[in-house]
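Residue numbers (my numbering), protein chains in the order written: chain A, 1 to 109; chain B, 110 to 248.
Hint data in this document are derived by calculation from the structure and do not stem from the laboratory.
A portion of the hints provided could be inaccurate.
Stated by the list, open to error - Below are the DMTMM-like pairs computed for lysine to aspartate or glutamate, each with C-alpha atoms no more than 20 Å apart in a straight line:
#1 A:Lys6 / A:Glu84
#2 A:Lys24 / A:Glu107
#3 B:Lys240 / B:Glu174
#4 B:Lys217 / A:Glu32
#5 A:Lys104 / A:Glu84
#6 A:Lys30 / A:Glu107
#7 A:Lys10 / B:Glu174
#8 B:Lys217 / B:Glu163
#9 A:Lys24 / B:Glu163
Small disclaimer: the values here were computed from a predicted structure and weren't measured.
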Amino acid sequence: MAKGVKPRVKVPKSASAGDTITIKTLISHKMESGQRKDSDGNQIPRSIINRFVADFNGQNVIDVTLEPAISTNPYFQFDATVPESGEFKFTWYDDDGSVYETSKTIEVN
Amino acid sequence: MKLTRREILAVGTGAGVASLFGMPALASATDDLIAAFTGGAEVGSGALALTAPEIAENGNTVPIEISAPGAVAVTVFADGNPVPAVATFNFGPLNPSRGASTRIRLAKSQNVIAVAKMEDGSFQRAEAAVKVTIGGCGG
Chain A
1 MAKGVKPRVK VPKSASAGDT ITIKTLISHK MESGQRKDSD GNQIPRSIIN RFVADFNGQN
61 VIDVTLEPAI STNPYFQFDA TVPESGEFKF TWYDDDGSVY ETSKTIEVN
Chain B
110 MKLTRREILA VGTGAGVASL FGMPALASAT DDLIAAFTGG AEVGSGALAL TAPEIAENGN
170 TVPIEISAPG AVAVTVFADG NPVPAVATFN FGPLNPSRGA STRIRLAKSQ NVIAVAKMED
230 GSFQRAEAAV KVTIGGCGG
């Protein structure tokens, strides 16, 4: 597992039914592209997050495939509609097999 | 072997043509990827919006935004990067605007190209030229 990986997600605490809300996600990860060389001229092996998925109550909102061209600390902002109260689940998949998860609940009234 | 004037001209022209085709060879890697994504179908434009800065001071984090109402998937390419593929966004039923924004790396000044697959199976394309002051590769 890469060190110091910390997901951060911003979801509004409440919304009206059918509202469109904006979600911002950020995960700290160095996203080593596999193109860089260290001071001895050896290639630094690729180590990135290759997939990000956001679900709401089991329904998919967005599913992103990441390539090395995504910046350090991958950031995503997107919209979602919330038909009812529930839980957003965010999952990041690392090259080394680790999976980082976080979730946020939202109240719809 | 002594080269005649005619042969020297021929060799020179050959080298010139080769250097001319050096750049398109890079760009065609992107075209190949786009063709693989679209399956060779015709690509229109208009419904997909790609927002990127005209000038990016730091190629390590270039903010981009895509917006394609009615799209099921959007793929982003950077034709001047060592690896042209940047990201693929697949949109679920709960994403109304079918848009997202993120930050990408660009190695040098180049075109950022987005291709969207729409719900009806057609394809849309958008392109933005970005000037990069400090490249975002190597280091």
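Status of each hint after checking the structure:
Straight-line distance between C-alpha atoms of A:Lys6 and A:Glu84 comes to about 28 Å, which puts the hinted pair past the 20 Å bound. Distance hint between A:Lys24 and A:Glu107 is fulfilled; the C-alpha atoms sit about 17 Å from each other, no more than 20 Å. For the suggested pair B:Lys240 and B:Glu174, the alpha carbons sit about 17 Å apart, so the restraint of at most 20 Å is met. Between B:Lys217 and A:Glu32 the alpha-carbon distance is near 18 Å, which keeps this suggested pair within the 20 Å criterion.
Between A:Lys104 and A:Glu84 the CA atoms are separated by roughly 14 Å; this keeps the pair inside 20 Å, and the hint holds. As the CA atoms of A:Lys30 and A:Glu107 are separated by approximately 34 Å, the hinted pair breaks the 20 Å bound. Of the supplied pair hints, the one linking A:Lys10 and B:Glu174 holds, its CA atoms being roughly 18 Å apart against a limit of 20 Å. The straight-line distance between the Cα atoms of B:Lys217 and B:Glu163 is roughly 13 Å, inside the 20 Å bound, and the hint therefore holds.
With a C-alpha separation of about 24 Å, the suggested pair A:Lys24 and B:Glu163 falls outside the 20 Å cut-off, and the hint is violated.
Comparing the model with each earlier hint shows violations of hints 1, 6, 9; every other hint is respected.
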